[in-house]
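> Starting from the structure of chain A, add chain B where the hints point.
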Amino acid sequence: MIPLSIWDKFKKIKNDDWKSLLKLSTDFQSTYYFNEKTNERFGFHFYATLVDEQIIQESALPALLTKKFESLDDLHRIVPIADIHILKNPRDIEQKLLNGYVLVTLDSDKNRFGFIAAQKEIVRSLSQPEIEFSVIGPKEAFVEAIGQNLNLIRKRLPIKELISQEYTVGKLSKTKVAVLHIEGITNKDNVDTVKQRIKNIEIDTISDSSNIVELLSDNSNSLFPQLLDTERPDRVAAILAEGKIAIIVDGSPHVLIAPTTLIEFFSAFEDYFLNWIVATFFRLVRFFAVVFSVLVTPIYVAAMTYQYELIPPDLLGILVTSRRTIPLPPILEALFLELTIELLREAGARLPTKVGQTIGIVGGIVIGTASVEAGLTSNVLLIFVALGALGSFTTPVYKMGNTIRVLRFPFLLFAQFWGVLGILFCFCILIAHLLRLTSLGRPFLAPIYPLRVADMKDTLIRAPLQKMYRRPHVLRTQKPKRFNKKKAENPKDIDE
Amino acid sequence: MKKWICVICCLFILTGCVQKRIIDELNIAVATGFDPDTSDEHLLKTTFLMEIFNKEMSVENKTVTTTGDLRKETLYKANRQAPSPIVVGGLRLTLYNIAIAERGLTAYVDAYQRDASIGKRIYFATTDSNTEDIFKGEYGPQGNGSFISDLIEHNIDYGDLPKTNLTLFMRDFYQEGKDIFLPHIKKINEQEIELAGISLFKDHAAYKILPSDKLFYFKLLVDRYSRGDFSIELPDGEKVAIQSIHSNHKYKLDKKDPTNITIKIKVQGNIKEYSGNNIDDKKIKEITNFINKKIKNECLALIKSFQEDNADPIGLGKVYSTKIRNFDYKEWKEGYPDLNIKVDPKVIILDTGASI
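Protein chains in written order, with this note's numbering: chain A, 1 to 496; chain B, 1001 to 1356.
Chain A on its own, in the form it takes in the complex (with noise of 0.2 Å):
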């Protein structure tokens, strides 16, 4: 790449010289052509990895060679790519060239620079979801490349109002960040934050959609992402018909989605394909699994060291004998264990899928039941951090997931410092935290605080599609209503 000061050297030299620097680069080429039929000598100079050869030989050379070709404004008119530019400023040259535009020069046109858009596009084939699977559903998850990612939106919304526009953010990097939204729906507000969040950003690289939610959020020291990330452009069409604003950032698999709230971290897209009694029954299944799972460990501590009085007459005798040979309080037995798992997630997330699995196995297996064997920990307690672990991993957002099982280490230390009490001292920090907190000015608790009815067709629960006519409250869209309510219920069959 060319170093950022080649701009200060471009102004002290003369239009002619401008190869010299570019020249540094090794694959930067420049070579020279006689037209056939007026003899006139034009130059080519493009960097050869950024432009499809392709398209030059088969396409661009061989019309200028065998054609007419007297002045740079021919190229409109015998070069068959819709995309040419002539320019006389050769301040452009540098962004063109790095774009991926080949250079034309003719000998006796000095002073313009024609540029043929020849970019060679080195994208991956659609893949399948892998994070946010769906067993149902359709199959294909966005991929690298900008264009191509907004291909797949697009065709899902054809209509002329979802409107993207684009921006460049990273001095280095030049990262091309689209954000979309779907003109007379969205709130204008929430797509001018957008897009005044994103002029302001001031970074060199941007490598992932994640570097962009941490610069966009409203507070980056939360523990809880505050923009969803998706794979799936099924999911960003829907939410983009909702009312919400998608960004999609070149090299980037992952698209965000704001402005987002608590509950939608988790419901997984594949709620919208079940039955909704189903789907509703998945979802109150997953609430209880990341209660449970931020909150057992903890009750344990709590329960074993302070507050044995809340343990039912029955449980008494197993978790009393279970604990009898254990040498070490219930705190340190508990984050023995909890640090044991992260350690196998991490292990795991860190080698090779292969040899991660067996991790897995070994991990699971031989520590588990070696530590109870060995007397370190209670079988009881075993059962429990096991029982969080899967319950964390049942969050369809990854982040989020990882949110959770951060989330149980500060309950742990209060529950041992103050046992229930401090549970619920903890309990009560969470909360003010998640009060406070806001995805681009929007109340990340909402629909639940601020109380919002009509918008809890779709937390807990997972009403009926055509139940949820109205977009949710809380995004003030320009339309509130999706459709014709009375319509939608009364369905007419031919026979009637």
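No wet-lab data here; the hints were simulated from the structure.
Incorrect hints may appear among the rest.
Claimed, not checked - Just a sample of chain A residues kept apart from chain B, beta carbon distances all over 12 Å, derived:
1. L21
2. E132
3. A303
4. I311
5. I318
6. V355
7. I365
8. V366
9. Q416
Unchecked claim - Taking lysine to aspartate or glutamate and the EDC-like style, the derived pairs with C-alpha atoms no more than 20 Å apart in a straight line are:
10. B:K1202 x B:D1110
11. B:K1208 x B:D1110
12. B:K1055 x A:D314
13. B:K1020 x A:E309
14. B:K1178 x B:D1309
15. B:K1062 x A:D314
16. B:K1120 x A:E309
17. B:K1072 x A:E309
18. B:K1055 x A:D107
The C-beta atom is built at its ideal place from N, Cα and C for all residues, glycine as well.
What follows is chain B alone, placed relative to chain A:
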């Protein structure tokens, strides 16, 4: 920021203020018993029953007996005999020797309402014998404390024992217009124990034991059945067993003369066993009438005896106090033996079984 540093500092400094009680380093008492101190030096002789859990999940009964004037005093004296501190948060049952109960329970219940670690659904009961002897028997694999409290619990749910626990006991203990009663436990031998009836109290002191065969009628008067059983011998010598009994009762005061009170009892049940031949509609009517009469007579006899003893375990004083303005309890109590109490039972046989 300063605020947060303060809060976090407080959290860490205050951690030592909560007393740690790690579960396997405790002796959790499941039952306590109070006996009269034979040497008469102290007010209380307390027996703590602990359940020691063995590796194979079986339960061993361990008792510690001490004397003292306060309940807490006996507790810390008991700790001198225990390998780890005895705690009372796991109590399920408290037994009173009937000799103690006859003296009055006022001195013994105070600790129960002050100690927040004691559950409010534990059971109180009285017993004939020494409570230490009762706790030293071997009644079942679950341990004696659990055995006796389970015995009381299922007799409340499915049997003839009116609902009782610490909350209800405290309510009746302190309110005007109702005398308390407690289940009465009797030890048969080292392996067996039974619910012998209920002990009736007058002014916080036990005065009489109501045998268990009268319990059905007593429960009809004070509580309701949701799933009871009952069998009765008919005048023609046949016996009939009635199951799934539902009952409730209502008190009706005569508006003109409130000394007339009618207790309306509604009983519903199914005939599950009959020693005679077929049951037809006529027979059902006969049985219904007979049971009606039987309930009426037995209940009236119970009430009569209560009136004669000037005790009010049914809680009629409470009924009056809710229905009469400017109710004067003392005045009412004087007139209680002369109240004209009627019982109006209504028995409904819902079903007589599958094959007729």
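> Against each hint, give a clear statement of whether it holds in the structure.
Results for each hint:
1. L21: holds, 50 Å
2. E132: Its Cβ never comes within 12 Å of chain B, the nearest being 37 Å, so this holds.
3. A303: violated, 8 Å
4. I311: violated, 7 Å
5. I318: About 7 Å separates I318 (chain A) from the closest Cβ of chain B, which leaves it inside 12 Å; violated.
6. V355: holds, 39 Å
7. I365: holds, 24 Å
8. V366: Holds: least Cβ distance 24 Å, greater than 12 Å.
9. Q416: About 8 Å separates Q416 (chain A) from the closest Cβ of chain B, which leaves it inside 12 Å; violated.
10. B:K1202 x B:D1110: With Cα atoms ~18 Å apart, K1202 (chain B) and D1110 (chain B) stay inside 20 Å; holds.
11. B:K1208 x B:D1110: violated, 23 Å
12. B:K1055 x A:D314: holds, 16 Å
13. B:K1020 x A:E309: holds, 13 Å
14. B:K1178 x B:D1309: holds, 14 Å
15. B:K1062 x A:D314: Holds, because 18 Å separates the two Cα atoms, which is no more than 20 Å.
16. B:K1120 x A:E309: holds, 12 Å
17. B:K1072 x A:E309: holds, 18 Å
18. B:K1055 x A:D107: violated, 97 Å
Of the numbered hints stated above, those contradicted by the structure are hints 3, 4, 5, 9, 11 and 18, listed in ascending order.
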